[in-house]
Structures are given as structure tokens and as C-alpha cells.
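The residues making up each chain are set out below.
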Amino acid sequence: MSKGIVFKYEAKRLLRSKEYLLLLAVTLTYSISLLRGIVLYGVDYTAPFSGLTFSAYCSSLTPFLLVLILVLCARQFRTSERGAEAIISSTGTSFQIFRLIRCGAVACAFLIAALIPLAACFVFYGLVFDYTEFGPLLLTGILILIPQAVFLFGIAMLLGKRKSVGIYILLSAVIIISIFQIQIPGLTDIIESTPVRTFNGAEYNPALSTVDGQLTFFLLGTSLIIASLCQSEKRY
Amino acid sequence: MIGARKLSHEIRRLLSERITLLFMAIIATGAVWYSINGSGRTASDAFIVNAAKNSAFLGALLFALLTLLQFHRDFRHNTNDIILTSTDPIHHQVRKTLALICAAIVTSLLISLFALPYGMVKTGSYFQPATFLTAWYLIFLAALVFAVLLTSGFYMLTGHWETTSVIMAGLILLSKLLESMHANSEYLLYWVQTTAGNFSDVITNRFQIDMLLWNRLFCLLVSLSIWTLGLCSFRRCGLGLFSSFRMNCSRLWIPLFLTSSIILSGVSYACEPIFDDSKPIDYSGMIKTDTGETVITVVADTPEVANPELMLTEKAFDLDVSTKKRTLSGTAEYRLMNGSGKAQTLPVQTNTGINIDSVVINGIEGKATRGETGENSTANWRIELPSAYEYVIRICYSGRMLNNNTSDQRVTYGISDGYIWLPADGITPHLDISVSDECSFYGNLLLNEKLEPFFLHGNTIKGGTRNGKTQWQYTGSPDAMGISLFAAEYMTETFEAGGLNAELKYFAKHESSVRDMDAANVIKAAIDYFTEVYGPLFYDKHLTILELPAYFSGGFAGGSTSAVDETVFSPKGYIPAESPHSGGGIDVLVHEIAHQWWGIATMPVQDNTSFWSSEGITCYSTYCFLKEYLGEDYVQENYINEWQHNWEIYKNAFYIQHPEYLEKLSDKDVSNIMGSFQGMKLYNIMPLMMLKAEDALGGTEALQKKLSELYMSHMGQLITYDDFLAATGLTEEAISLE
Chain A
1 MSKGIVFKYE
11 AKRLLRSKEY
21 LLLLAVTLTY
31 SISLLRGIVL
41 YGVDYTAPFS
51 GLTFSAYCSS
61 LTPFLLVLIL
71 VLCARQFRTS
81 ERGAEAIISS
91 TGTSFQIFRL
101 IRCGAVACAF
111 LIAALIPLAA
121 CFVFYGLVFD
131 YTEFGPLLLT
141 GILILIPQAV
151 FLFGIAMLLG
161 KRKSVGIYIL
171 LSAVIIISIF
181 QIQIPGLTDI
191 IESTPVRTFN
201 GAEYNPALST
211 VDGQLTFFLL
221 GTSLIIASLC
231 QSEKRY
Chain B
1 MIGARKLSHE
11 IRRLLSERIT
21 LLFMAIIATG
31 AVWYSINGSG
41 RTASDAFIVN
51 AAKNSAFLGA
61 LLFALLTLLQ
71 FHRDFRHNTN
81 DIILTSTDPI
91 HHQVRKTLAL
101 ICAAIVTSLL
111 ISLFALPYGM
121 VKTGSYFQPA
131 TFLTAWYLIF
141 LAALVFAVLL
151 TSGFYMLTGH
161 WETTSVIMAG
171 LILLSKLLES
181 MHANSEYLLY
191 WVQTTAGNFS
201 DVITNRFQID
211 MLLWNRLFCL
221 LVSLSIWTLG
231 LCSFRRCGLG
241 LFSSFRMNCS
251 RLWIPLFLTS
261 SIILSGVSYA
271 CEPIFDDSKP
281 IDYSGMIKTD
291 TGETVITVVA
301 DTPEVANPEL
311 MLTEKAFDLD
321 VSTKKRTLSG
331 TAEYRLMNGS
341 GKAQTLPVQT
351 NTGINIDSVV
361 INGIEGKATR
371 GETGENSTAN
381 WRIELPSAYE
391 YVIRICYSGR
401 MLNNNTSDQR
411 VTYGISDGYI
421 WLPADGITPH
431 LDISVSDECS
441 FYGNLLLNEK
451 LEPFFLHGNT
461 IKGGTRNGKT
471 QWQYTGSPDA
481 MGISLFAAEY
491 MTETFEAGGL
501 NAELKYFAKH
511 ESSVRDMDAA
521 NVIKAAIDYF
531 TEVYGPLFYD
541 KHLTILELPA
551 YFSGGFAGGS
561 TSAVDETVFS
571 PKGYIPAESP
581 HSGGGIDVLV
591 HEIAHQWWGI
601 ATMPVQDNTS
611 FWSSEGITCY
621 STYCFLKEYL
631 GEDYVQENYI
641 NEWQHNWEIY
651 KNAFYIQHPE
661 YLEKLSDKDV
671 SNIMGSFQGM
681 KLYNIMPLMM
691 LKAEDALGGT
701 EALQKKLSEL
711 YMSHMGQLIT
721 YDDFLAATGL
731 TEEAISLE
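First to last, the protein sequences are chains A and B.
The numbering of the first sequence is this note's numbering, which starts it at 1 and goes up by one.
The numbering of the second sequence is this note's numbering, which starts it at 1 and goes up by one.
Don't read these hints as lab results, they were simulated from the structure.
None of the values given here were measured: they were computed from a predicted structure.
For glycine and all other residues, C-beta sits at the position ideal for the given N, C-alpha and C.
Wrong hints could be hidden among the right ones.
Claimed, not checked - So, partial list: chain B residues that the calculated Cβ filter (under 8 Å) puts toward chain A:
(1) Leu61
(2) Glu162
(3) Thr163
(4) Ile167
(5) Ala169
(6) Gly170
(7) Leu177
(8) Cys249
(9) Arg251
(10) Ala653
(11) Glu663
(12) Ile673
(13) Ser676
Said to hold, decoys possible - Listing some non-contacts, in silico: residues in chain B with all C-beta distances to chain A over 12 Å:
(14) His91
(15) Ala508
(16) Asp633
Could you build all of it, start to finish, from the sequences and the hints given here?
Below is the structure:
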């Protein structure tokens with residue numbers, strides 16, 4: 001079977017799964033309420049399309065998207081999926097390639113889920129404010145949403161290979177931090193828990209001010225994903 | 001008996017599991033942490049209510065997880081089929097749910113072992129058992145029970161633990177996120193933490209408890225509906241959803257229970273008894289202050305009446321308030337003149353919870369027809385009057401107060417055994433017609449013996465006892481017809497200030513605090529200062545400072561009364577404040593007193609072109625007094641720096657710099673956005689402009705002299721911005737901050 005067909009099949013399974021659709025619906029509903037609320041009014045009296053407001057919008061969506069990627073990861077390590085892996089490992093397809101395809105499908109599903117609320121925001125900007133300079137905002141969005149997701153994805157993949165319950169502990173941690181709005185200091189702030197604000201009247205873009213941190217998250221996450229793919233497989 | 005034994009065995013098994021004990025320990029630790037690190041506006045909030053609300057999230061999350069683990073356990077261990085064939089599957093699910101609810105009760109009891117003595121010690125004489133029970137049992141325990149019912153219901157319904165966990169995480173997050181959404185959210189939807197807050201330390205919290213009880217009833221019915229739906233859908237061996245549903249429903253009690261719980265959920269939502277169907281208020285006339293209080297700006301024009309052809313010449317009432325039933329009933333008699341002598345329609349307004357039981361017009365029975373509900377809990381009625389030049393109309397009415405559902409779903413009006421707050425149209429039906437200057441207004445009020453009534457305007461004399469209640473005789477002027485009635489166990493301290501008979505009416509439980517902070521002397525100093533600087537308040541010989549419950553959040557001035565909420569009288573440093581700039585205390589007290597000069601005795605009127613209003617000049621007056629009373633450093637930090645900071649924000653604000661973008665938005669959004677600047681304009685920018693006026697005129701004294709002239713020449717009149725400029729001799733440019 002060609003890798004493309006397997007990828008399409010895996011992606012379709014994820015995109016049609018109940019958990020994915022449910023979380024996507026919740027994320028979209030919340031994003032619409034954010035657009036009608038904090039985005040329209042502008043954070044700290046800045047423009048609705050300011051970096052600050054857009055960062056606040058993306059940061060508010062982060063917990064939902066992180067929960068989504070962890071739930072998708074957890075799906076990969078279900079007993080039934082592991083059983084399927086045992087069968088696949090007996091076929092000619094390299095197991096690492098199969099894992100890579102599955103990771104790709106998860107990444108693809110996540111990107112779609114992340115891009116839909118971003119696109120909704122851009123459509124909102126275009127329709128309501130005739131604002132179309134999306135380039136810098138897109139960069140901000142990517143910096144806020146992607147590195148943390150890649151980092152958590154990497155940890156989840158590594159944990160999932162050993163004990164899938166680890167992913168659920170991670171999931172619980174993300175939910176607890178989000179619900180209780182626990183502020184995580186500086187570079188370790190993986191879920192954008194620090195409130196976005198202005199400093200001395202000057203606009204502050206948290207995503208752009210911590211590019212180093214975001215890059216570290218991204219690189220660390222990528223390394224963890226590669227490590228999880230390269231690790232020898234546990235036999236069932 | 002066998003069922004009870006099996007249940008007892010299940011409970012013992014659950015409570016002996018390490019994971020259950022671990023979760024209980026984590027929740028208890030969280031509850032202790034939240035109690036110790038609590039904050040709030042009142043001691044009850046800081047040490048009891050907020051701790052229970054935060055713990056409810058932790059508890060709901062962990063009990064949802066525990067429920068999921070328990071329900072999924074048999075499936076995970078592949079013992080599902082064995083267990084379900086050896087026992088009644090429905091009873092087995094019921095037992096598991098009940099056992100988890102028992103674990104939730106045990107957790108609450110365990111936490112109470114710490115929370116009760118801690119709350120008692122920290123709140124001291126303000127401790128109210130009802131507040132404690134509400135917080136830890138109605139909020140916290142109920143959240144745990146709902147988490148168990150919802151999780152088990154969704155698990156049985158979907159058969160997937162992953163889907164259930166996503167749904168539960170979403171529901172818990174939703175309850176949290178409702179707090180931060182801009183739109184007004186239904187209080188019934190806050191299923192974890194509820195909207196409880198601003199609990200009073202000194203009077204009953206019955207109004208808030210009413211809301212919580214209804215919230216919990218609705219959530220319980222919804223949770224039970226989902227749980228029963230899950231029980232119906234619970235998969236029997238080898239059967240699909242529909243076959244299992246049919247099989248489970250063969251026991252008649254299950255579909256009956258499901259149907260009744262769904263119907264009752266709908267009924268409890270539709271028949272919500274605290275809020276009404278008021279029309280949304282036009283927010284363009286409302287402003288939010290820095291302290292979070294909402295105030296209505298001075299109304300410039302005399303309100304028009306619906307039928308000016310009719311004139312009220314006399315109004316008398318006989319009102320009986322039952323604190324036991326929490327209702328009121330009364331009779332009001334009106335004398336009216338009809339200039340034309342033709343048949344007329346009499347427009348009558350009551351609170352939405354009041355019903356007009358009967359109407360007698362000149363001795364003949366008439367009929368009152370209820371029309372549309374207006375703004376702010378006003379029910380509009382219509383009475384058709386026959387042709388006559390004079391009428392004597394007798395209206396019998398009764399009911400229970402309802403509150404406005406449109407603002408932030410806050411209970412303001414109501415009757416309880418310890419506190420009463422009735423709006424004007426809740427005391428007697430209000431006739432929307434002209435009122436004669438000589439109109440007499442009097443009545444009798446029957447009230448629980450321990451309560452003392454207070455009308456914002458007029459005189460009240462204690463009479464005898466009737467039907468085991470105290471009778472109070474009230475006499476007021478036509479101005480007093482739009483006033484509210486308050487009743488509580490008050491203490492009164494009277495003193496002379498500024499040539500007036502001033503009185504401080506505070507809740508009896510606050511006696512030591514009021515004495516400790518020397519509140520009467522602060523009030524006296526403020527009244528003396530304003531009298532000396534601006535002139536006397538000769539429109540009334542009495543001035544009352546009234547204490548309000550914490551839920552009012554802030555203060556107001558109306559009639560010859562300045563009212564402030566109970567947090568003003570809290571001892572300094574007693575309660576860990578939520579924010580160092582949360583305001584309150586002496587600032588609010590002095591602000592509301594200053595409103596007697598600017599807002600009541602004179603009416604600085606807001607226009608749409610300048611920042612002028614009664615708030616700006618009142619803030620400036622408060623600043624002047626506090627500069628003398630507490631010193632330069634205090635006002636520099638708490639007033640000038642704050643005003644300048646907000647001016648910077650205002651002038652840099654996007655919609656102020658680019659008003660063209662407002663044209664692209666809806667009227668409602670524009671109103672809300674501009675409304676968010678109102679507080680800055682009135683409370684920060686105008687006072688800064690007054691400081692500039694000080695500089696232009698040569699100092700504080702020079703400006704105050706001009707303001708005094710303005711005050712004396714406009715007593716009882718509106719003051720426009722032009723009047724202010726003319727009185728001070730300044731130009732707009734001279735005091736502009738640009």
C-alpha cells in the first residue's frame with residue numbers, strides 16, 4: 001500500500017473522529033465568542049487587529065488546541081491502535097515510517113484545527129475592519145500556537161510509547177493550569193498562561209518578545225518526536 | 001436490605017481504594033490551600049465562599065476522573081461481562097453512582113473539619129453558619145455530585161471514556177470561561193462554581209442563597225436527566241444502542257424518571273423565580289467606575305409622564321410585608337383630578353413580581369390589564385377610567401419582588417427575614433401621571449418587629465403593634481414617590497455636622513467596626529469641610545449615611561441619603577483584598593457625601609460634547625477633602641497618578657484615535673465601546689481638568705471659591721458645562737488636557 005494512501009486514511013480517521021469534531025466545535029464556538037468580545041473591543045484599548053489583541057486571542061485558544069493535540073496523541077496509543085501496530089509491524093512497511101505517517105496525520109489534523117480559528121479571525125478583520133495585513137499576525141499566531149504544541153506533542157509521543165496514562169496526566173495538567181489560571185513563569189510558560197498586557201502604554205507582543213523561548217520549545221519538541229520515532233518498538 | 005448491603009459494600013470498596021483516597025487527599029489539600037490564600041471584598045467571601053468555589057473546580061475535575069476510572073474499570077479489566085451477568089446491570093450502575101456520591105459527601109465532611117474552624121476563627125463574630133453551609137455544601141458538594149452524575153451519564157451514553165473525558169473537560173472549562181465572556185451569561189449555567197459572591201458579613205445572604213438554590217436545582221435536574229439517559233442507553237451484552245435502550249426501558253421507572261427529570265429541567269429553567277423578562281437597558285446612559293460599581297448619570301430633563309391630563313393630588317398606602325412568606329400585600333388609595341372630565345386611561349407601573357388583585361374606581365369595581373414589561377423590572381398596567389373630573393381609586397396588590405434579568409443578573413430587591421429592599425414601584429403601584437406640588441403622600445407599613453424601615457425621603461414614626469408586627473407611619477413629599485424602602489436591624493448614630501442633623505445608619509453587627517474606624521467623625525469632617533468650602537445643604541435638615549449590603553458594590557446618593565456598601569466599614573487589613581486598587585473605604589464614603597452637593601443639591605448635567613458631569617466635580621471634591629484629611633502623598637498615589645495613567649490610556653486608545661472604525665460597528669457595540677470610556681472621562685479626565693483649572697486660577701482655594709459661587713447660585717438647578725466655565729471665567733482651551 002502506498003504511503004500516501006495510508007496517510008490519507010489515517011488523516012481521515014482522525015478528522016472524522018468524535019473527539020476531534022467535538023473539540024473543534026468547542027474551539028470554534030469559543031473563538032467566535034472571543035471575536036465578539038476581546039477582539040472587537042481590543043485588549044487594553046489597542047486596535048482589534050493589534051499584535052496585543054491578536055496574541056490574546058491566540059493565547060486564549062491555546063489550551064483548547066493543546067488539549068486537542070494531546071487527545072489525538074492519546075488515540076494513537078489506545079489498546080486497539082497498539083494491536084493494529086502489531087499487525088502492521090508484521091507487514092513489509094517499516095514501523096518507523098508508519099509511525100511517521102501517523103505523526104504526520106496528527107500534525108495535519110492539528111494544523112487544520114489551529115488554522116480554522118485563525119482564518120475566522122482574519123475573515124472577521126477583513127469584513128468588519130477592512131484590514132488585510134495578515135503577514136505579521138500570522139507570524140505571531142504561528143509563534144504562539146505551534147512551538148508549544150510541537151513540544152507537548154513530542155513529550156506525549158515519548159510518554160505514550162512507554163505508558164499511555166502519561167498522556168492523560170499531561171492532559172490533566174494542561175486542563176488544571178488552564179482552569180485555575182496558574183501562571184507559569186517566563187520561558188516555561190507552555191500554555192501562554194501569563195495574561196497579555198501593555199507595558200507603560202507601549203504595546204507588548206508576548207510572542208515576539210520570547211522568540212528564543214518559542215524556538216527552544218519547537219526544537220526540543222522536534223527532537224522529542226524524532227527520538228520517539230527512532231526508539232525501538234516494544235513488542236506486544 | 002440486600003440492596004442496602006450491596007451498596008454499603010460498594011461504598012466500603014470505593015473508599016478503601018488508594019486512588020479514591022489519593023483524590024480525596026488532593027482535593028482536601030487544595031481546599032486548605034484555597035482557604036488560606038483566599039481573597040475577597042468581605043470576610044465571608046475571602047475565607048469561606050471563594051475557597052469553596054475554587055475547590056469546586058478541583059473537586060469536579062478529580063471526581064469526574066474518579067467516576068470515569070470506576071465506570072471504565074470493569075471494561076478495562078475485561079470483567080465487564082462476568083459482572084453484568086452475575087448482577088443486575090442497572091442496579092450495579094446505580095450502586096456505583098451512589099457510592100461515588102457518598103465519596104463526595106465524605107470528602108466534603110473531611111474538608112469541613114478544617115474549613116469550619118478556620119472560617120469561624122478568621123471571620124470571628126461575622127461567621128454565619130448559613131454562609132458556610134452554602135459554600136461547602138451547596139456549591140462545593142453539589143459540584144462534585146454533578147460531576148459524578150454527568151460523567152457516569154455520558155460514559156454510559158457514549159460507551160467511550162475518551163469522549164466522556166473530552167465532554168467533561170469541556171463542560172468544566174465552559175463553567176470557568178463563562179466568567180470571562182463579555183456577554184451576560186445565565187447564572188443557571190455556572191454549574192461548577194456558581195455566581196456566588198459579595199456575601200455579606202453583617203446581614204443575611206438570603207438573596208444570593210435563593211439564586212444558588214435555584215441554580216443547584218436546575219443543574220441537579222439536568223445532571224439527573226443525563227444520568228438517566230445514560231442508564232437507559234447503557235449497553236447490554238452484545239446489544240447496540242437502540243436494543244439496549246429498549247431493554248433498559250422495560251423497567252417502567254427508568255423511562256418515567258427520565259421523562260420527569262427532562263420535563264422538570266425545562267420547567268425549572270422556564271419558571272426561574274428570581275429574574276423577570278425586563279427589556280434590555282440602554283447602556284449608553286450607564287458607566288462603570290474604577291471600583292467596578294455601576295452608576296447612572298444625572299438625568300437632564302424632567303421625565304415625561306404617560307398621561308399628563310391626569311393629576312395626582314393624594315396618595316395613601318397600607319402595606320403589610322411578610323418576611324416569613326417573603327411577600328407583600330397592600331392597598332393604595334389615590335385621589336386624581338381629570339382636567340377634561342373625559343374617559344381616561346390610567347397608566348400604572350409596578351415591579352414585575354407584583355400583581356394588581358383588584359381596583360375600585362369611585363366605589364365601582366374596575367379592571368387592571370397588564371401590558372408589556374418595560375425596562376428595569378417595570379410591569380406596565382392599564383386601568384380604564386370612566387368620564388369624571390375627580391377620582392378616588394383603590395388598588396389592592398400583592399406579590400414577591402422580581403429582579404432585572406438584563407444587566408448582570410444581580411439580585412437587588414427582595415424580602416428576607418433579615419433584610420428588605422423594595423423599589424418605589426414595589427412599595428405601591430406607581431401612577432405614570434402628573435403630580436400636584438401639593439400632593440400628600442403618607443401610609444402605614446407593617447413590618448417584622450426586629451426590622452427598622454428606612455425610606456430615602458420622608459419621615460417614619462414607630463406606631464403600635466398590629467397582628468404581631470410593628471406598625472410604622474410614613475409621611476413624605478411628592479419628591480418621595482420614587483424612593484426605595486430599606487429595612488434591617490440598624491443602629492443609628494446621630495450627630496451635628498455642617499448645621500445639619502446627620503445620622504449614620506449601619507447594620508447592628510457592624511457596631512464595633514464603625515466605632516473602631518471612627519466613621520462618624522470621618523463623615524462629620526467631610527460634611528463640615530464641604531459645607532465650609534461650598535456652602536450649606538439647606539434643601540433638607542437631615543442627612544443620612546446608610547449602610548448597604550456588600551452585594552451592592554459601591555454606593556449611591558439619592559434624596560437626603562448617601563449610601564455605601566458594608567465593605568466601607570471593614571477594619572483596615574482585616575480582609576485580604578483582591579486588588580490593591582480595588583477602592584472602597586473612606587474614598588467611597590466621602591465620594592457619596594460629596595454627591596449631596598454635586599448631584600443632589602445641584603445637578604451638574606452630562607452632555608455629549610464635554611467630560612462634564614456630577615462625577616468629575618465629586619471626584620475632585622473628594623480629592624480636595626482627602627488631601628487635607630490624609631495628606632498629599634495619599635492623594636498623589638491614589639488620585640493624581642491614577643487619573644494621569646487613565647488619561648494616557650484614553651488618549652492612546654484605538655477607538656479614540658480612530659473613531660472612523662466605530663462607523664463599521666453596530667450601534668450596540670459602539671455603545672458598549674464608548675461606554676467603556678465613560679468611567680475614564682467622568683472619573684479621571686474631568687478631575688484632571690479641574691486640577692488644570694486650579695493652576696489657571698491660582699490654586700485650590702481660588703477654584704473652590706468659584707465652585708462655591710456656582711453651587712450657591714444653582715441650588716436645586718441643573719449646571720451645564722457652560723455654567724461652570726462662566727462661573728470660573730475659564731475657557732475650554734484653558735483647561736483642556738490636549
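We went through each hint and held it up to the structure:
| no. | hint | in the structure |
| --- | --- | --- |
| 1 | Leu61 | holds, 7 Å |
| 2 | Glu162 | holds, 6 Å |
| 3 | Thr163 | holds, 5 Å |
| 4 | Ile167 | holds, 7 Å |
| 5 | Ala169 | holds, 5 Å |
| 6 | Gly170 | holds, 5 Å |
| 7 | Leu177 | holds, 7 Å |
| 8 | Cys249 | violated, 24 Å |
| 9 | Arg251 | violated, 29 Å |
| 10 | Ala653 | holds, 4 Å |
| 11 | Glu663 | violated, 11 Å |
| 12 | Ile673 | holds, 6 Å |
| 13 | Ser676 | holds, 7 Å |
| 14 | His91 | holds, 29 Å |
| 15 | Ala508 | holds, 38 Å |
| 16 | Asp633 | holds, 22 Å |
Hint violations for this structure: numbers 8, 9, 11, all remaining hints satisfied.
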